[in-house]
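Trainee: Take a look at the letters that make up each chain.
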Amino acid sequence: MPKPDLHEPPASAASTTPVQPPRGTAHPKVAHQDAAHRTIRNGLRGPDSIKGTILKIVLLGLVDAFAVYVLMMLFLSQSWAALAVSSLVVLAINWIYLRRGGLPAKYLAPGVLFLLVFQVLVVFFSGYIAFTNYGDGHNSTKEDAIAAIQLTAQKRVPDSPAYKAAVLTKGDTFYLLFTDPSGKAQIGSTDEPLTEVSGAGKDSTGKANSLPGYETLKFQEIVANQQEILKITVPVSENPADGTLRTADGSTAYQFKPALRYDTATDTFTDSDTGTAYRDNGKGAFADANGETLATGWKIDVGMANFARAFTDPSLRGPLLGVILWTFTFSVASVALTFALGLFLAITFNREDLRGKKVYRILMILPYAFPAFLSGLVWSGILNPEFGWLNQTLLGGAHIGWLTDPVLAKISVLVVNVWLGFPYMFLVCTGALQSLPTEIDEAARMDGASPWRVFRSIKLPLLLVSVAPLLISSFAFNFNNFNVIYMLTGGGPRFADTDRDIGATDILITLVYKVAFGQGTGRDYGLASALAIIIFIIVATISAISFKQTKALEDVN
Amino acid sequence: MSEAQVRTLPSIEQAHDGGPAPLVPKRRPFGVWFKDKGWRHAVGIVTTIFAVFPLLYVLSAALDSNGTLVGSNGLFSRFDTGNFTALFSDPSRPFGRWFLNTLVVGLVTSAATVFLGAMAAYAFSRMRFKGRRVGLLTLLLLQMFPQLLAVVAIFLLLSGISQVIPALGLGSQLGLIMVYLGGALGVNTYLMYGFFNTVPQSLDEAAKIDGASHVQIFFGIILRLVTPILAVVGLLAFIGISSEFVIASVVLTDPDSQTLAVGLYSYVAQQRSENWGVFAAGAVIAAIPVMALFLFLQKYIVSGLTAGSVKG
Numbered sequence: 198m199p200k201p202d203l204h205e206p207p208a209s210a211a212s213t214t215p216v217q218p219p220r221g222t223a224h225p226k227v228a229h230q231d232a233a234h235r236t237i238r239n240g241l242r243g244p245d246s247i248k249g250t251i252l253k254i255v256l257l258g259l260v261d262a263f264a265v266y267v268l269m270m271l272f273l274s275q276s277w278a279a280l281a282v283s284s285l286v287v288l289a290i291n292w293i294y295l296r297r298g299g300l301p302a303k304y305l306a307p308g309v310l311f312l313l314v315f316q317v318l319v320v321f322f323s324g325y326i327a328f329t330n331y332g333d334g335h336n337s338t339k340e341d342a343i344a345a346i347q348l349t350a351q352k353r354v355p356d357s358p359a360y361k362a363a364v365l366t367k368g369d370t371f372y373l374l375f376t377d378p379s380g381k382a383q384i385g386s387t388d389e390p391l392t393e394v395s396g397a398g399k400d401s402t403g404k405a406n407s408l409p410g411y412e413t414l415k416f417q418e419i420v421a422n423q424q425e426i427l428k429i430t431v432p433v434s435e436n437p438a439d440g441t442l443r444t445a446d447g448s449t450a451y452q453f454k455p456a457l458r459y460d461t462a463t464d465t466f467t468d469s470d471t472g473t474a475y476r477d478n479g480k481g482a483f484a485d486a487n488g489e490t491l492a493t494g495w496k497i498d499v500g501m502a503n504f505a506r507a508f509t510d511p512s513l514r515g516p517l518l519g520v521i522l523w524t525f526t527f528s529v530a531s532v533a534l535t536f537a538l539g540l541f542l543a544i545t546f547n548r549e550d551l552r553g554k555k556v557y558r559i560l561m562i563l564p565y566a567f568p569a570f571l572s573g574l575v576w577s578g579i580l581n582p583e584f585g586w587l588n589q590t591l592l593g594g595a596h597i598g599w600l601t602d603p604v605l606a607k608i609s610v611l612v613v614n615v616w617l618g619f620p621y622m623f624l625v626c627t628g629a630l631q632s633l634p635t636e637i638d639e640a641a642r643m644d645g646a647s648p649w650r651v652f653r654s655i656k657l658p659l660l661l662v663s664v665a666p667l668l669i670s671s672f673a674f675n676f677n678n679f680n681v682i683y684m685l686t687g688g689g690p691r692f693a694d695t696d697r698d699i700g701a702t703d704i705l706i707t708l709v710y711k712v713a714f715g716q717g718t719g720r721d722y723g724l725a726s727a728l729a730i731i732i733f734i735i736v737a738t739i740s741a742i743s744f745k746q747t748k749a750l751e752d753v754n
Numbered sequence: 336m337s338e339a340q341v342r343t344l345p346s347i348e349q350a351h352d353g354g355p356a357p358l359v360p361k362r363r364p365f366g367v368w369f370k371d372k373g374w375r376h377a378v379g380i381v382t383t384i385f386a387v388f389p390l391l392y393v394l395s396a397a398l399d400s401n402g403t404l405v406g407s408n409g410l411f412s413r414f415d416t417g418n419f420t421a422l423f424s425d426p427s428r429p430f431g432r433w434f435l436n437t438l439v440v441g442l443v444t445s446a447a448t449v450f451l452g453a454m455a456a457y458a459f460s461r462m463r464f465k466g467r468r469v470g471l472l473t474l475l476l477l478q479m480f481p482q483l484l485a486v487v488a489i490f491l492l493l494s495g496i497s498q499v500i501p502a503l504g505l506g507s508q509l510g511l512i513m514v515y516l517g518g519a520l521g522v523n524t525y526l527m528y529g530f531f532n533t534v535p536q537s538l539d540e541a542a543k544i545d546g547a548s549h550v551q552i553f554f555g556i557i558l559r560l561v562t563p564i565l566a567v568v569g570l571l572a573f574i575g576i577s578s579e580f581v582i583a584s585v586v587l588t589d590p591d592s593q594t595l596a597v598g599l600y601s602y603v604a605q606q607r608s609e610n611w612g613v614f615a616a617g618a619v620i621a622a623i624p625v626m627a628l629f630l631f632l633q634k635y636i637v638s639g640l641t642a643g644s645v646k647g
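Protein chains in written order, with our numbering: chain C, 198 to 754; chain F, 336 to 647.
No false leads were mixed into what you were given.
Examples of chain C residues lying across from chain F (beta carbon under 7 angstroms, computed):
hint, residue
1, Pro307
2, Leu571
3, Ala725
4, Ala729
5, Ile732
In short, the hints are calculated from the structure, not lab data. We put the CB at the ideal spot given by N, CA and C, even for glycine.
All chains, full assembly: derive it from the sequences and hints.
Mentor: Here it is in structure tokens:
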């Protein structure tokens, strides 16, 4: 049934097209010219006409202009590896489009480029992240971590002199203008270390309060911008160990120094009060003798640690196994239930003479047309245990935990997913049923087969052959059906035996999302990527097996 | 209720068809009618209620400015547009912007998806080159792995990009569109490839003899003949992207740049019951264009969906 809809237009259009010539060069003339002329023209003609060549050059020029900009930015940010790769890509693009021949590449290149970067590269990148401890507190290099520790853990240098300070602005940036006890004026901001200036205007007490090119903030403005002014930390020099100048009131500044002193030779931080030494613990953080670590660490390769953690850490192992089991149950049950209901409906309405068939059909596919992310949210309102329509109105004020009881929540998720998915299966099965040859049906009936027997032994096997690939992709889709779970239950109710945010209806992909971007718990990109890699392996194995299986089915046919 | 409607149907049938008698079948006993057709109507009515009820529920909640989840339980007990006014007057949740953002991201992405997919399908369908079979199979394989699996890597890649070119990195819709285009080839190329093959090769050959270049054949002949599949792919891409939550929620951090999926989720993420009415109003507005498009082009979409299966 579906095929004719699609195929009809081209057939009808095909008959008209040769009459309307394609847009472009002097093509209409060419059509009327004699054969000899035509061969000459073909011989002279390059792969494109002049207009086409110009368009090509303009487009390629735009792409190259953008590429040069990107390459320059990469050069300025000193990302050498990215620069090298990008240069190669730009060269490849130019080579593909400037050379003669190689036509397929010209048509494939743009799509393949995006595919390679945002579908293939990111998978390998996930693979790399899975072997690191990337995450909150471990998101940069060791040098950055050392600088950050020195900047964040600061306290006032005892008995340090008080500097007189004024708050200035230039553009959107706040500057502090200091007058040190000897009367020298110096200026600096959070991003620019202290520099001495001359030509500063001074008030009666000798405090520098203005500088050409800068605006001085008035008292009211200082009060209004108090939060920003509190955040200004002016480094005394390029070396973070020298400390910073800060002001609490916009008129007096004090010198602050790192509470933790870093010693390059021994690679240790020493607390200047207690004398505790923090050493590199080999796990991307500084730790003292008791194993206490400083909050800021850095990114290192951890080998298989993330995978090992997933299956050995007691707070993760039990829940994770539960999640994997539920992911399979959920996707298999979803496919089975939606297919069963869809097939049943398709058979029920596969009658030409049924009144109102079209109306039923339209009303029944409405859930499929409704945006999926909204469905989960809407159903979460209906099923809400305290205020929802189901408990309050239909069941007269019952308190059934449709979304809070582990078992009921799983059933609710399945019901909602059936609601979302059965129209698709209904449409697919209807199409497949109608494309079955009717003679077989008649022949079987002639031979005395009952309707059930005809269905069971003839229609269903034939149907399965054509629908099997769709069932597999439906399984793969439900395996990662993030929206319905996350919008309906958010993965909850949470497991009692773990302090992590993992719940009874979590599937692997929602777990990945929560581990990587969850609220409350720290982001752990390494673990999340390791879990994503596990999903990859599962999906790859299943699709490999099942596609082989369907090949077999087709061969049988 | 279903029973009553079922019973009334035959009489309606007779009332309408009062004309020439031979066309109308003789009235059968109820039992026979039910065994043959009546149960089908019963199934149809029950399923329709299951299918339509949540939609009626959200529509009723949207029209009741009472606002809370409890207040929404009396279906269609009040009619007013308070929720819709509230929806467009909250500056911290710019619904109008979300709608526009979704439209922009969806339209740009689906247009580009159609174009990239059609170019690739043209190459696969009309040209013979080394690696063609492997390429097709690879695409078929890649579509088993949705992009959201690599969401962590996409986030980190974009945060790297934002340090070099902020306009393409985190928080930028352009960056999000680029990410979505990574999935442009997967399913769509395969769908289009099958359809391109149904356009007879002799057409291109005739045009080639007349001196048309490959570009002219592509734009002038092929694309015009395959418009239905282009519409299907574009529409499916648009519907898919307007519902996409995972990647959009990670990339678009600023409320002004968010799409409907991310924005509407934030409406009910924390206080599900307080904002219910306003959320329902937003849901109705967000769903209507998509549903209208879907129902309007239903025939084409269904054929696009089943094309793969029927072709095997």
